[in-house]
Each structure stands twice: as C-alpha cells, then as structure tokens.
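Put together the whole structure using the sequences plus the hints.
So the protein sequences, as listed, match chains G and S.
In terms of the UniProt record's numbering, the numbers along the first sequence are unbroken and rise by one, the last being 225.
In terms of the UniProt record's numbering, the numbers along the second sequence are unbroken and rise by one, the last being 225.
Worth flagging that the hints you see were computed from the coordinates, not collected in a lab.
Note that beta-carbon positions come from the ideal geometry of N, C-alpha and C, so glycine has one too.
Errors might be hidden in some of the hints.
[Unchecked claim] Residues of chain S clear of chain G, computed beta-carbon distances all greater than 12 Å:
id, residue
1, His-48
2, Glu-165
3, Leu-187
4, Ala-201
[Claimed, not checked] Partial selection, computed: residues in chain S whose CB lies under 10 Å from chain G:
id, residue
5, Thr-2
6, Lys-4
7, Ala-101
8, Val-123
9, Ala-125
10, Asp-141
[Said to hold, decoys possible] For the chain G half of the interface with chain S, some residues (derived, Cβ under 7 Å), not all of them:
id, residue
11, Ala-24
12, Leu-99
13, Arg-100
14, Val-122
15, Ala-128
16, Leu-129
17, Leu-130
18, Pro-132
19, Ser-133
20, Thr-135
21, Arg-136
22, Phe-142
23, Ile-213
24, Pro-223
2 protein chains.
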Amino acid sequence: MTIKVIIVDDQAMVRAGFAALLAAQSDIDVVGEAPDGREGVEVSRRAHPDVVLMDVRMPEMDGLEAARQLLDPPRGVIHRPKVLMLTTFDVDDYVYEALRAGASGFLLKDAPPADLISAVRVVAAGEALLAPSVTRRLIADFARQRPAPRRDGPSARRSGLTPRETEVLELIARGLSNQEIAESLVLAEQTVKTHIGRVLAKLGLRDRAQAVIFAYESGLVTPGQ
Amino acid sequence: MTIKVIIVDDQAMVRAGFAALLAAQSDIDVVGEAPDGREGVEVSRRAHPDVVLMDVRMPEMDGLEAARQLLDPPRGVIHRPKVLMLTTFDVDDYVYEALRAGASGFLLKDAPPADLISAVRVVAAGEALLAPSVTRRLIADFARQRPAPRRDGPSARRSGLTPRETEVLELIARGLSNQEIAESLVLAEQTVKTHIGRVLAKLGLRDRAQAVIFAYESGLVTPGQ
DNA sequence: CATACGATGAGCCGCATGGGTGATGTACTG
DNA sequence: CAGTACATCACCCATGCGGCTCATCGTATG
Numbered sequence: 001m002t003i004k005v006i007i008v009d010d011q012a013m014v015r016a017g018f019a020a021l022l023a024a025q026s027d028i029d030v031v032g033e034a035p036d037g038r039e040g041v042e043v044s045r046r047a048h049p050d051v052v053l054m055d056v057r058m059p060e061m062d063g064l065e066a067a068r069q070l071l072d073p074p075r076g077v078i079h080r081p082k083v084l085m086l087t088t089f090d091v092d093d094y095v096y097e098a099l100r101a102g103a104s105g106f107l108l109k110d111a112p113p114a115d116l117i118s119a120v121r122v123v124a125a126g127e128a129l130l131a132p133s134v135t136r137r138l139i140a141d142f143a144r145q146r147p148a149p150r151r152d153g154p155s156a157r158r159s160g161l162t163p164r165e166t167e168v169l170e171l172i173a174r175g176l177s178n179q180e181i182a183e184s185l186v187l188a189e190q191t192v193k194t195h196i197g198r199v200l201a202k203l204g205l206r207d208r209a210q211a212v213i214f215a216y217e218s219g220l221v222t223p224g225q
Numbered sequence: 001m002t003i004k005v006i007i008v009d010d011q012a013m014v015r016a017g018f019a020a021l022l023a024a025q026s027d028i029d030v031v032g033e034a035p036d037g038r039e040g041v042e043v044s045r046r047a048h049p050d051v052v053l054m055d056v057r058m059p060e061m062d063g064l065e066a067a068r069q070l071l072d073p074p075r076g077v078i079h080r081p082k083v084l085m086l087t088t089f090d091v092d093d094y095v096y097e098a099l100r101a102g103a104s105g106f107l108l109k110d111a112p113p114a115d116l117i118s119a120v121r122v123v124a125a126g127e128a129l130l131a132p133s134v135t136r137r138l139i140a141d142f143a144r145q146r147p148a149p150r151r152d153g154p155s156a157r158r159s160g161l162t163p164r165e166t167e168v169l170e171l172i173a174r175g176l177s178n179q180e181i182a183e184s185l186v187l188a189e190q191t192v193k194t195h196i197g198r199v200l201a202k203l204g205l206r207d208r209a210q211a212v213i214f215a216y217e218s219g220l221v222t223p224g225q
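Laid out in structure tokens, this is it:
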C-alpha cells in the first residue's frame with residue numbers, strides 16, 4: 001500500500017525537488033501539487049492523499065489556514081489527511097498554530113532529505129514528528145506549564161497560608177462573594193472577611209481580583225475544569 | 001569536540017550494545033556506565049558527560065528520579081547534563097514525568113540504531129527529540145489543552161466584546177484597579193467603569209474577580225508568564 | 001502551665017466598585 | 001442620508017469590600 005502525498009508550496013522549484021525526492025521512494029506516490037493554500041485544499045479534496053506536505057508561508061491562503069480547513073473539514077467532507085508542515089525559518093507562532101490545528105509534524109526545509117522521507121512515513125503511520133528545535137520548545141513549554149512537582153509542595157509558594165485561608169482563597173478564585181463563601185463554609189461573613197484580609201496581607205495582594213490571579217498563577221486552581 | 005556519554009541501564013547486555021554502537025562513532029565517547037539510578041547519578045557527577053542515556057525502569061532508583069536529580073542538582077553541583085530517556089514500552093506517565101523533569105528526549109529501545117546515534121547528537125546540541133509515538137501524544141495533549149482557535153475567533157467566546165472592552169478585560173485580569181487602567185490607557189476613570197460595566201453585562205459576570213476568572217478560563221490570559 | 005497559633009466573630013469606617021441613565025463624536029455601512 | 005456600533009465621559013447612588021482593632025475558644029508545643 002503506497003503512501004499518497006501532495007505537496008503545497010508556492011515555489012515551483014521546491015515542489016519539484018520534493019516531488020522528485022519522494023517519488024523516488026517505492027512506497028510513496030506524489031498524487032498532486034498546489035502553489036497556495038486555497039488550491040492545496042481543493043487538490044486535497046479531489047486526490048485525498050494520506051499526507052499533505054504544507055508550506056507555512058504562501059500567497060492567497062497560508063499553510064496554517066489551509067491546515068485548519070483540512071483538519072477540521074466542513075460537514076460532508078470525510079477525508080482527513082495528515083498534515084506535515086514545512087517552513088524555512090522556525091517561528092514559534094507558526095508551530096503552535098499548526099499544532100493547535102492538529103498538524104502531525106513540523107519540519108524545517110533544511111532538514112536532511114532522509115528526514116523528510118522518514119517523516120512522511122511516520123506521519124502516514126499515524127505518529128508524529130517534529131524538528132528537534134521545535135521539539136525542544138514544545139517540551140520547554142510543556143514543562144513550564146506543569147512544573148515538576150515541587151518537593152516542598154505547592155503550599156510553599158503560598159507563603160504560610162493556613163488550611164482554612166487556602167480554602168477561602170480557592171472559593172474566591174471560584175468567583176464567590178464573601179456572603180456566598182460564608183454560606184458555603186457555614187461561617188459568619190465577618191469571619192470570611194477576616195480570613196480574606198489575612199490572605200491578602202500574607203500574599204501582598206490588594207484585592208480579590210489579584211487573589212484570583214494569584215490562585216491561577218500559583219496553580220491553586222487551573223483553567224479548564 | 002567529542003560528545004561524552006554515559007549509559008545507565010540495569011541490563012548489562014543493553015549497556016554493552018549501546019556502548020559499542022556509540023563508541024563506534026568518531027564524535028562520541030562513552031565515558032561511563034551504571035546499572036541503576038543511584039550509581040548513574042554518582043557516575044555522572046564524576047564524569048560530567050554531555051549526555052546521559054537513562055533507562056526508565058531500574059532497581060534502586062528509577063530513571064525518572066535519577067533524571068530529576070541530574071536536572072535539578074543540589075547547590076554546589078554545577079554540571080547539568082542533557083538526559084535522554086530510554087524505555088522498552090512507551091508508557092504515558094513515564095514520558096510526562098521525564099519531560100516535566102526536563103529530559104531532552106525520549107526514545108523507545110526498539111528504535112533503529114541510526115536514530116539513537118542521531119538522537120545523541122541532537123540532544124548534545126541542545127535540541128530535543130522524541131519517539132514519534134511520544135511526539136504524537138505530546139502534540140495531542142498540547143492541542144487538547146489549547147484547542148484550536150475556532151474559525152470565528154476566540155472573540156466568539158467573549159460574546160461580542162469590542163476590542164477596547166477586551167483590552168480593559170485583560171488589564172483587569174492583570175490585577176489593575178480602575179484608576180490604574182485609566183492611566184494605563186490614558187482614559188478618564190469613568191470611561192473605564194463604563195467599559196467594565198459593559199464587559200460584565202455582556203459576559204454575565206458579577207464583579208471583576210469573576211472577570212479575572214473568565215479571562216483565564218477563556219484563554220485571554222494564561223498562567224505562567 | 002504558659003505561650004503561640006489557628007479559627008471564629010464583632011464593630012466601625014471609607015472608598016473603590018458596579019448599576020443606571022444620558023450625552024457627544026466618529027466611523028462605517030446599507 | 002439614516003442607522004448602527006464604538007469609544008468617550010459625566011453624574012448619582014448603594015454597597016461590597018478591604019483595613020483596623022479587639023475578643024473568645026480550642027489545640028498544640030514548649
């Protein structure tokens with residue numbers, strides 16, 4: 001079973017080069033080409049390739065938008081190819097946009113030909129592959145978002161909040177008013193105010209809005225569920 | 001300049017195989033081996049390799065803990081090698097733990113020898129590299145956490161906020177008071193209050209604390225930097 | 001036993017905040 | 001040209017919120 005590939009790039013020379021390189025592989029067929037995103041989407045709809053090699057920067061419709069359309073097809077379109085993004089420079093925003101859109105890979109055009117070929121095979125197999133510099137960024141991003149479990153626990157950052165204070169802070173970060181917090185914890189509203197006052201003082205915050213920010217930034221609460 | 005590598009794996013056979021494979025490269029020197037995490041850390045401290053090949057599952061101290069110790073060294077230890085994790089099976093938890101700890105790569109032991117060699121070079125160069133199946137998971141995770149901007153834009157979620165209102169909302173989410181927002185945007189405080197009033201009304205929120213929550217939950221602002 | 005800390009709550013005070021209404025100027029669009 | 005959307009600002013008002021002080025009651029901790 002051969003891997004059907006189309007190549008979308010505004011430079012004819014690049015298309016020709018990649019086409020020649022890939023077509024020389026017995027397990028890869030180049031079944032189409034296009035010079036911009038719009039035509040790329042059309043060609044893909046007709047030729048339903050397994051893999052779309054997509055340049056990022058193109059006239060008419062850039063590779064990111066084209067990738068989005070291919071990966072989130074309108075009702076009625078069943079075909080959903082794997083998309084392998086290509087770029088000359090490696091620019092953060094492009095990478096993240098592409099990955100968000102569901103691209104299966106991101107390579108720099110200066111990668112060794114062998115890498116491109118194996119990338120096509122990897123992507124066709126349903127796996128994913130990134131340029132090493134991109135991988136590094138993605139990992140860094142991942143690690144930054146979820147820092148390693150601090151050995152002293154998250155409480156360390158919360159500079160000596162008592163359990164009750166932490167509890168109150170969390171309810172603030174859920175958007176409750178003082179009165180609602182009081183009801184929720186079965187307390188007098190005044191008690192809640194005392195707790196909040198201490199929380200703000202200990203953390204050096206001005207108001208509950210800043211407390212909410214702190215709760216998110218410190219990981220006490222996290223976005224999305 | 002050769003790349004100094006140590007190999008940490010509890011199976012002598014595996015160590016021997018990898019050592020032979022890598023030592024055959026003119027630009028790679030194997031400067032040490034260890035059968036478990038604890039000894040691996042010791043050997044690394046003495047031999048200060050550029051790259052540590054680290055098995056995940058080992059007696060005494062597993063590869064994850066060893067990686068953590070190498071990548072977050074105690075005061076006084078300056079050397080900080082790159083860590084390339086190896087595993088026989090690819091298990092999610094291991095991968096995420098390792099990446100959180102700051103590992104530069106994650107390969108399956110059944111990868112082609114050429115991949116291992118190039119992985120060592122990539123990692124030594126400060127870049128990163130993952131097994132394709134791992135890459136796929138990381139991307140999926142990434143895309144899931146930050147879903148692609150719907151084609152009608154993130155503003156759709158913000159239910160028709162005007163650009164100015166969005167701007168004000170963002171400053172609220174940075175913890176600024178009305179007066180500070182006014183100064184920041186060169187406006188009268190009353191104007192700021194009008195904008196905020198509209199934001200709260202359009203989004204169905206009660207106060208600025210809830211506005212901060214919304215800003216985080218909608219992705220207008222994100223934790224961490 | 002004395003001390004300290006955490007949790008609870010009261011009273012008071014002042015201001016930032018949020019709601020409501022209305023007005024003006026600009027810019028775009030049908 | 002009329003209609004609409006947006007940004008700007010003013011005035012008024014009620015109150016939620018945060019600052020400050022003080023008091024009581026447990027429970028550890030020395």
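Consistency of the hints with the structure:
1. No Cβ of chain G approaches the Cβ of S/His-48 within 12 Å, the least distance being about 21 Å, so the stated non-interface status holds.
2. Against chain G, the non-interface label of S/Glu-165 holds: every CB pair exceeds 12 Å, the least being about 17 Å.
3. Separation of S/Leu-187 from chain G is adequate, the least Cβ-Cβ distance of about 19 Å exceeding the 12 Å criterion.
4. Its beta-carbon lying about 16 Å from the closest one in chain G, S/Ala-201 satisfies the requirement of being farther than 12 Å from that chain.
5. Because the closest C-beta pair between S/Thr-2 and chain G is about 20 Å apart, greater than 10 Å, the hint is violated.
6. Taken as an interface hint, S/Lys-4 does not check out: its beta carbon lies about 20 Å from the nearest beta carbon of chain G, beyond 10 Å.
7. For S/Ala-101, the suggested interface contact is upheld, since its CB lies about 5 Å from the closest CB of chain G, less than 10 Å.
8. Proximity of S/Val-123 to chain G holds as hinted, the smallest CB-CB distance being about 8 Å (cut-off 10 Å).
9. With its C-beta approaching chain G no nearer than about 8 Å, S/Ala-125 sits inside the 10 Å limit, and its interface hint holds.
10. The interface hint given for S/Asp-141 holds, since its Cβ lies 8 Å from the closest Cβ of chain G, which is under the 10 Å cut-off.
11. Given the 7 Å rule on beta carbons, the hint for G/Ala-24 is violated: about 20 Å separates it from the nearest Cβ of chain S.
12. For the restraint placing G/Leu-99 at the interface with chain S, the shortest Cβ-Cβ distance is roughly 5 Å, inside the 7 Å limit, so the hint holds.
13. Residue-level restraint check for G/Arg-100 holds (minimum Cβ-Cβ distance to chain S is 4 Å; threshold 7 Å).
14. Annotation: G/Val-122 was flagged as interfacial toward chain S, and the flag holds, the nearest CB pair being 5 Å apart, inside 7 Å.
15. Given hint, G/Ala-128 at the interface with chain S, holds; its Cβ is 4 Å from that chain's nearest Cβ, closer than 7 Å.
16. With a cut of 7 Å, the hint placing G/Leu-129 at the interface with chain S holds, because the nearest CB-to-CB distance is about 5 Å.
17. Checking G/Leu-130 against chain S: minimum C-beta separation of about 6 Å stays under 7 Å; hint holds.
18. Because the closest C-beta pair between G/Pro-132 and chain S is about 3 Å apart, less than 7 Å, the hint holds.
19. A distance limit of 7 Å between C-beta atoms decides the matter here; for G/Ser-133 the minimum to chain S is near 5 Å, and the interface restraint holds.
20. Interface hint at G/Thr-135: satisfied, since its Cβ lies 4 Å from the closest Cβ of chain S, which is below the 7 Å cut-off.
21. For G/Arg-136, the interface hint holds, since its Cβ comes within 7 Å of a Cβ in chain S; the closest pair sits about 4 Å apart.
22. Here the hint on G/Phe-142 is kept, as its CB sits about 6 Å from the closest CB of chain S, short of 7 Å.
23. For G/Ile-213, the interface hint holds, since its Cβ comes within 7 Å of a Cβ in chain S; the closest pair sits about 5 Å apart.
24. Annotation: interface hint on G/Pro-223 holds; nearest CB of chain S at approximately 5 Å, less than 7 Å.
The structure fails to meet hints 5, 6 and 11 from the earlier list, while all remaining hints are met.
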